[in-house]
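If you read the protein sequences in the order shown, they are chains S and G.
Note that our numbering has the first sequence beginning at 1, numbered continuously upward.
Note that our numbering has the second sequence beginning at 253, numbered continuously upward.
Calculated from the structure, these hints are not laboratory results.
Just so you know, nobody snuck in bad clues.
Taking lysine-lysine pairs in the DSBU-like style, the calculated list, with each CA pair at most 30 Å apart, reads:
| # | chain 1 | residue 1 | chain 2 | residue 2 |
| --- | --- | --- | --- | --- |
| 1 | G | Lys280 | S | Lys71 |
| 2 | G | Lys294 | S | Lys71 |
| 3 | S | Lys175 | G | Lys294 |
| 4 | S | Lys71 | S | Lys175 |
| 5 | S | Lys71 | S | Lys53 |
| 6 | G | Lys294 | G | Lys280 |
| 7 | G | Lys294 | S | Lys57 |
| 8 | S | Lys71 | S | Lys57 |
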Amino acid sequence: MEGIVAPHVYASVTLGERSVPLITDAVIVTWVVMAIIMVATLLLTRRLRPVPKGGQKVAETIVSLIEGLVKDQLGHHYRTYAPYLGTILIFLVLANIVGIFDILPQGPALAAVFHNPALAEFELEMHPPTKNLNVTLCLAVMSLVVAVGAEFRQRGVRGWLRSFYRPTPVSAFVKLLDYIVRPMSLCLRLFGNMLGGTIVMALMYMALPLFAPAAVGIYFDLFDGGMQAYVFVFLTMIYIAEAVETEDEMKQ
Amino acid sequence: MGLLAIAAGIAVFTGVGAGIGIGIATGKAAEGISRQPEASGKIMTTTILGAALSEATAIYGFVVALIILFVKWAG
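With the sequences and hints as input, model every part of the structure.
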């Protein structure tokens, strides 16, 4: 269980007395997910033509799905924010369901098959990178920055400052609290769900290694992962919508 | 370790509240859809959002339990 909760550190730097982990399993799995997304994007967008064919159809379906999703919440602002939200959605969906590919042979097995003792050190489990709190905290802070940036863009810095003491100066406290609570709840929700799912699946593999993990994995790996990715993007969208739309309502 | 394990178990009890909350939200959503099937899309989005928000309390309990179990306590 310790091996699931604590990240596996591959490289670290020493700052003073502390050793700071530099490359962990979350980083490597993120690289794998990034590589998959990049290759898929390159393959699907080759030879674009007015009448879509083959891979272009898939790409256009995904893009129009995301744009429709964003349009429902943000209205005519969707063009500005759909690329960011779509990127986060695609990354999170892939990163959250990467747990079903946890089939890599580990060090001792590799060393026995290839008769090479150097391979025994190899250890990489394809667990979702979002089970690492640092990854989700980073994504949540990105969401906060985008939401505040949207507010700047819409109202300017002065309008943003004015929103602190309007309608009453007491609301400044609530707004400041919001800036702390929102990223916290975003990151803890995703982190807790993914870590919980991974732990439940690990227990499942331990208790009933045959057939049962396949059935339970549909919920904990696929459904929960997709759901949490959607919820994360949906909440980010709500925050952006809140920052963007009040100005339109004020003018009316 | 014994008392820490009990403490972690108590922390996970927050799940009770989240379960009741999500149950109520989903029940009301089902009522709403049966009254107005044409609004099912909007009701669905609101339900997912409400479920995600009320689920957060259970997740906080889970995270607290993990902190109790896995953070190295001094002494």
